[in-house]
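Residue numbers (my numbering), protein chains in the order written: chain A, 3 to 311; chain B, 3 to 311.
Check before you lean on any hint, since a few could be wrong.
[As the list claims (entries may be wrong)] Using C-beta positions, here's what the derived DEER-type ranges look like:
1) B:179 / A:116: 53 to 61 Å
2) B:7 / A:31: 50 to 58 Å
3) B:169 / A:179: 50 to 58 Å
4) B:156 / A:53: 55 to 63 Å
5) A:273 / B:70: 35 to 43 Å
6) A:46 / B:296: 35 to 43 Å
7) A:217 / B:115: 24 to 32 Å
8) A:265 / B:119: 40 to 48 Å
What the hints contain is simulated information worked out from the structure, not anything from laboratory work. As the structure is a computational prediction, the values presented were derived from the model and not from experiment. Even glycine gets a Cβ: it sits at the ideal position worked out from N, Cα and C.
2 protein chains.
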Amino acid sequence: MTERAPIYDRVALIGLGLIAGSMAHAMRRGGLAGEIVGTARSAETRDIAREIGLVDRVVDSAAEAVQRADLVVLAVPVGAMEAVAEEIAPHLAPGATVTDVGSVKRAVIDAVAPHIPEGVHFVPAHPLAGTEHSGPRSGFASLFDNRWCLIVPAEGADRAAVDRLKALWQFMGSHTDEMDPDHHDLVLAVTSHAPHLIAYTMVGVADHLRRVTDSEVIKYSAAGFRDFTRIAASDPTMWRDVFLTNKEATLDILGRFTEELFVLQRAIRMGDGDMLHEYFTRTRAIRRGIIEAGQDTDAPDFGRSGGPR
Amino acid sequence: MTERAPIYDRVALIGLGLIAGSMAHAMRRGGLAGEIVGTARSAETRDIAREIGLVDRVVDSAAEAVQRADLVVLAVPVGAMEAVAEEIAPHLAPGATVTDVGSVKRAVIDAVAPHIPEGVHFVPAHPLAGTEHSGPRSGFASLFDNRWCLIVPAEGADRAAVDRLKALWQFMGSHTDEMDPDHHDLVLAVTSHAPHLIAYTMVGVADHLRRVTDSEVIKYSAAGFRDFTRIAASDPTMWRDVFLTNKEATLDILGRFTEELFVLQRAIRMGDGDMLHEYFTRTRAIRRGIIEAGQDTDAPDFGRSGGPR
Chain A
3 MTERAPIYDR
13 VALIGLGLIA
23 GSMAHAMRRG
33 GLAGEIVGTA
43 RSAETRDIAR
53 EIGLVDRVVD
63 SAAEAVQRAD
73 LVVLAVPVGA
83 MEAVAEEIAP
93 HLAPGATVTD
103 VGSVKRAVID
113 AVAPHIPEGV
123 HFVPAHPLAG
133 TEHSGPRSGF
143 ASLFDNRWCL
153 IVPAEGADRA
163 AVDRLKALWQ
173 FMGSHTDEMD
183 PDHHDLVLAV
193 TSHAPHLIAY
203 TMVGVADHLR
213 RVTDSEVIKY
223 SAAGFRDFTR
233 IAASDPTMWR
243 DVFLTNKEAT
253 LDILGRFTEE
263 LFVLQRAIRM
273 GDGDMLHEYF
283 TRTRAIRRGI
293 IEAGQDTDAP
303 DFGRSGGPR
Chain B
3 MTERAPIYDR
13 VALIGLGLIA
23 GSMAHAMRRG
33 GLAGEIVGTA
43 RSAETRDIAR
53 EIGLVDRVVD
63 SAAEAVQRAD
73 LVVLAVPVGA
83 MEAVAEEIAP
93 HLAPGATVTD
103 VGSVKRAVID
113 AVAPHIPEGV
123 HFVPAHPLAG
133 TEHSGPRSGF
143 ASLFDNRWCL
153 IVPAEGADRA
163 AVDRLKALWQ
173 FMGSHTDEMD
183 PDHHDLVLAV
193 TSHAPHLIAY
203 TMVGVADHLR
213 RVTDSEVIKY
223 SAAGFRDFTR
233 IAASDPTMWR
243 DVFLTNKEAT
253 LDILGRFTEE
263 LFVLQRAIRM
273 GDGDMLHEYF
283 TRTRAIRRGI
293 IEAGQDTDAP
303 DFGRSGGPR
């Protein structure tokens, strides 16, 4: 079917949400896996996956899914990783690679690494891509195109296993970089975890503000708030686990954020227009950097159609 | 050219940025104005407007622009409205309507209304639409399509003048609603002003965080931060004026936001996963409301292409 031999003969996806589903689509697009086996904890998710043919074979347990797989992908919320690692450990094939797609790396390594048997490679990873949707129907093949996937190998990790996983991510459309777990967790606290908590908070404030009705907030959301609601619609279980497992770095960034917010609030209260203008000019430059780095477009309508689908 | 007679014979646009430019495009698309005259404070902006034919006629002063206009649109930063009102007052045609497009309404009314001569109608308005771009090249005809424009007429305003302006906005693609100025300023503090300040703050924190380099923040922005940078790239002068002129409502909402953020930070610190999960589930529902209200799409890749243009 494709000109390239598959990178892995059998890939086991544990969890069938947005990321695993998108991996299935992207691996099929590129002919990257001989067979894709999938499982999920919920019977409903497994049934939907079967119905839409998300993977080649849906099985009822993680233990069954990993048998004879040369790549096992843990795609469950960070808080569920340890239980899955424990369950699959006795069933892993010698020489297999176990990876994960969790948004936090130190906590996942601490939870999973002790369960990985001798002769199996554990290569944690984190694709920096997502949408606010979740579940087995939410994946799509292009999710990882032009996005970064951070690979976080343990010290002394098998180089061939690391490079093979990197190749998979690259053929799924991503750029890859290697990073150590603590630095990863700090970078993500800045670029993802703190922004998500802030968006959740702002949407929560709007929700229980009694003087402004819900319907007004919703009707008039186009003026800025709308972008916060998209971020704040992300999967609750996943994000609960992210905050609980990247606690220190997230609280550190939120502390800096609050300090900074107080400085700007004070400038507003004191009427210090020069300070505000200078600040807003500086933040604008960062945006330019992101567009130049190809991580967003500057299409004037944000590339969105205004109307309902 | 069009089947409909123009709604206004001569429209004067004072200021030629994103909103005025988009109005010019939208009025031309609909054949809504007999002639569109424009001016801007900066000679460079006027030159660009002439070069690209943004309006029918570019003149060098606001006083000149408003002559014989039956609609005058003040499309300058809120802090510049009073000086413009003072300049144009002696030149306004009897029976003309003066409107504005400022993001704050109480301060604009206080600044402009005293200068409006007898026999001229002042009908403030606020189109809830925008992008992070600014300047004479940034406008486009569809900016207002399916967006809301809030009309904030003074007590005892001339009904015919209000309805005529409403018709203009509707033919430019907007829905319209009427609102009183103080309620407008509170609603916008929630849906726009506080979210913008929060986005500016988060981008500022990332900017001077020494342990994480700028290039990392930019490279890995796709995970949430990117949406903040888009908001934080908006016009610095416009936003300085918004915060300084809607000070009370913005500080009120920011105070509530900080309280709420502390509650969530504490839940993270204490490991209260149930509280976080419940909170994030509630905020998700608001997003659904916005999509049902047609103010955003739920396209899974946000409708953006991943690559540079």
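Verification of the hints:
| no. | hint | result |
| --- | --- | --- |
| 1 | B:179 / A:116: 53 to 61 Å | holds (60 Å) |
| 2 | B:7 / A:31: 50 to 58 Å | holds (54 Å) |
| 3 | B:169 / A:179: 50 to 58 Å | holds (55 Å) |
| 4 | B:156 / A:53: 55 to 63 Å | holds (59 Å) |
| 5 | A:273 / B:70: 35 to 43 Å | holds (39 Å) |
| 6 | A:46 / B:296: 35 to 43 Å | violated (30 Å) |
| 7 | A:217 / B:115: 24 to 32 Å | holds (30 Å) |
| 8 | A:265 / B:119: 40 to 48 Å | holds (43 Å) |
Violated hints amount to a single one, hint 6; each of the other numbered hints is respected by the structure.
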